[in-house]
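Undergrad: In order, the protein sequence lines correspond to chains W and F. Using my numbering, the first residue of the first sequence is number 237, and each one after it goes up by one. Using my numbering, the first residue of the second sequence is number 237, and each one after it goes up by one.
Worth flagging that the hints you see were computed from the coordinates, not collected in a lab. There's no promise every hint is true.
For identical chains, the list gives no copy identity; a pair is met inside one copy or between any two copies.
[Said to hold, decoys possible] Straight-line alpha carbon distances no greater than 20 Å define the calculated EDC-like cross-link-like pairs of lysine to aspartate or glutamate that follow: (1) K471 / D430; (2) K505 / E388; (3) K531 / E293; (4) K438 / E409; (5) K514 / E555; (6) K284 / E388; (7) K347 / D656.
There are 2 protein chains.
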Amino acid sequence: MERTQIARIYADQETFGGKEVTVCGWARTIRDMKTFGFIELNDGSCFKNLQVVMEAEGLENFKDIARQNVGAALVVTGTVVLTPEAKQPLEVKAASIQVEGPSSPDYPLQKKRHSVEFLRTIQHLRPRTNLFSAAFRVRSAAAYAIHNFFQERGFVYVHTPIITASDCEGAGEMFRVTTLNPNDPPRTAEGVVDCAQDFFGKAASLTVSGQLNAENFAMAFGDVYTFGPTFRAEKSNTQRHAAEFWMIEPEMAFCDLAGDMDVAEAMIKSVITEVMAKCPDEMEFFNSFVDKGLKERLEHVASSAFGRVSYTEAIEILEKSGQKFEYPVSWGCDLQTEHERYLTEQHFKKPVFVTDYPKEIKAFYMRANDDGKTVAAADCLVPGIGEIIGGSQREERLDLLEARIRELGMDPADYWWYLDLRRYGSCKHAGFGLGFERLVMYLTGISNIRDVLPHPRTVGSADF
Amino acid sequence: MERTQIARIYADQETFGGKEVTVCGWARTIRDMKTFGFIELNDGSCFKNLQVVMEAEGLENFKDIARQNVGAALVVTGTVVLTPEAKQPLEVKAASIQVEGPSSPDYPLQKKRHSVEFLRTIQHLRPRTNLFSAAFRVRSAAAYAIHNFFQERGFVYVHTPIITASDCEGAGEMFRVTTLNPNDPPRTAEGVVDCAQDFFGKAASLTVSGQLNAENFAMAFGDVYTFGPTFRAEKSNTQRHAAEFWMIEPEMAFCDLAGDMDVAEAMIKSVITEVMAKCPDEMEFFNSFVDKGLKERLEHVASSAFGRVSYTEAIEILEKSGQKFEYPVSWGCDLQTEHERYLTEQHFKKPVFVTDYPKEIKAFYMRANDDGKTVAAADCLVPGIGEIIGGSQREERLDLLEARIRELGMDPADYWWYLDLRRYGSCKHAGFGLGFERLVMYLTGISNIRDVLPHPRTVGSADF
């Protein structure tokens, strides 16, 4: 008989009530009451378990089933019984139960609370816990919500390259990618490693951003987005940094900074709304056990306008705040997480875009404002996280872009194709980068990036 | 006035007819007839251009517009006029046209046919051609169709890691990932590079497959899929191989090989149907200019059952075929592309699954069949491409899997977590890998993988 996902039964109780089904999953608990018993079965299709009722009389292998260990894989065929009076809306009365794979008494996920630190050492099993089952189902729903948002608006999804031979992206330290023998690489006459003999004929690295490539496509398709892995070889061992993480980078032609913020705000609201609708049990769980105010905060965010404040105004707010910050505040300084969180958590009490940063602390490709001091950047700060989005209008004027590249001591020749976009049908355009893990942290209340990545890669750690 | 995507106007002609719109795009052609003129404007939101009509009398900058070069970025405000009698269903009568960014006479994409080889040297501009505009729009639609297929069926999307410290995936040569100084890396007392001092505390590489990690999640969520980049450091300079490509890897618990093939077949049909519905103009273009029989073939594939044949039977078919193959055929040999294409193109004339291969030519994790010689593998071959999917039922029996690992001279300790899945609630499960670029080639008729990747990475080439 065909396997039915438990999620389908809960979603369509009317249809399934009284029907026979086969469900396959893993026992979360097994209670043996001698003449009858209960199994809480979870198949991962939804957060909820399914209660399976078995009776000794009707089930010839009752004793064998009743002594199975937690974690056993079971195939249950039985009748769906609606139980509107009970705690759970339905249960399955088992006609037959087969042990597909037993578990053992040393199964690490016994029914007790485990620390997230311990669970990180058994990343292959932690998706079977309530916390990680919910986290990764929300992660999946959020990823799909992002695709839905952009595809419905006619954006083209572009897979920008992961391996890059340009170190021009300028967003952070990079991992090198090579096939040369590390112990004895070929060397040039000068004695340095001869990258010309490497796989790509030159030095190559892992991308830190797909933006420059995405601009190539925005100048053809108008509206595009990337959604792929990006890398930072920074040895920051914090709760918010991973060496490998996923990023979404929309890029829009004929769009200015205000339009950029409109899209970013609409996207975040759309993802919140879709995830809350699709994962109500998971969100209830996070709200109860991880972050008490989560649902209320997300509902508030989804329904109210984000703040917008210039960097210059933000600095004034911080200076007047009377707060003691570890890093002092003055015009020209980069905003630290403590500043960002003060602005979004204490002052605005909602997500806020900070715009028009000093050009010295922002990337070369951002559009110069007329004041000569600032660029058309917009970072989105959210409570509990700080920066979740970094965006800008891009410099579309060839002369200004080239001058800025030279001013920073870089070589325009390295940017020939990027500059070409300004030679042939240039237009105002803008985009942003959303760190996907930070979004999942924001949606779940989970405070460590290691717990929203299936198998996190951080400095000193690449297990599993 | 707000920008309207040209695709929206074509999609909803009734609503837009007679209305004023602002469209923004790039001029494909500009024809100056002295008192009036025509612009073919493309904004990348759809394959079709929009015809803009301008009259010298109504447009004060008519002369300036008329002398713009191909590729100029224009902002056009005007009235949508339905033209049911004309070649195109509608046009826009311009009230104002602004040059957002001019082009120049040396713009490489003049209105003539360019070779794909030349266009690969201007990858930043080639998305503005008909061929690549269509290819990357189909690529985006196909990616979304895959997400739709799996999400609608309750599969959880898992981002398996890109950087891996295990070289246990066994699917091909790997790129190393490092932050050590290549010229003077730290060395151990024995004089070899000291990987313990590298970023992750050990040697790391780019993944060749997310499967083993995906199994961790299938054992919790039942049905999961990955969709991410994978890498091969093989110096194959062919039309079908790239060093970096995207792969989809579904993994299903409580599923056998027949179920695996059912999902693979349904997925391919679903993607074909969705892409043909969403990209009719693009498919028409490919059918006319790239591959004459494309649409008919795809429609046939979407509506008929795939073939299924055992490897042993396939070998018999090949032996009896009377064909001269470069590589001789006998039981035990790996199927070469020429064999695969004979089977799917000449013999079956449709996609066909070849199942139950000799265990010697397949990976260690595939489930042993009772005959002691073969494993429960299933590769899907399609006309024009050859292998597009490689799948198998996985060995879920701890003793057999451990024995096979030892038999191949590998160390079970390296697979501790993978083996754990067989210790705690093991169950039959199966999955497959779909090479996304091969799917896009199959959907478009494009014969070189370099022309379906936004910025291809192949041996000796990582430009842009």
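Undergrad: Classify it for me, K438 with E409: is the Cα-Cα distance of at most 20 Å met within a copy, between copies, both or neither?
TA: both (18 Å within a copy, 19 Å between copies)
Undergrad: How would you classify K284 and E388 at a CA-CA limit of 20 Å: within, between, both, or neither?
TA: between (31 Å within a copy, 19 Å between copies)
Undergrad: Up to 20 Å between alpha-carbons, please classify K471 paired with D430: within, between, both or neither.
TA: Between copies, since 18 Å is at most 20 Å while 27 Å is not.
Undergrad: First find the shortest C-alpha distance between K531 and E293 inside one copy, then the shortest across copies, and answer within, between, both or neither for a cut-off of 20 Å.
TA: Classified as neither; 46 Å inside a copy, 60 Å across copies.
Undergrad: Indicate which option fits the pair K347, D656 if close means a Cα-Cα distance not exceeding 20 Å: within, between, both or neither.
TA: This pair counts as between: shortest inter-copy Cα distance 18 Å, intra-copy 61 Å.
Undergrad: Tell me, please, which holds for K505 and E388 at an alpha-carbon limit of 20 Å: within, between, both or neither?
TA: Classified as within; 15 Å inside a copy, 22 Å across copies.
Undergrad: At most 20 Å between CA atoms: does that hold for K514 and E555 within a copy, between copies, both, or neither?
TA: neither (42 Å within a copy, 53 Å between copies)
Hint violations for this structure: numbers 3, 5, all remaining hints satisfied.
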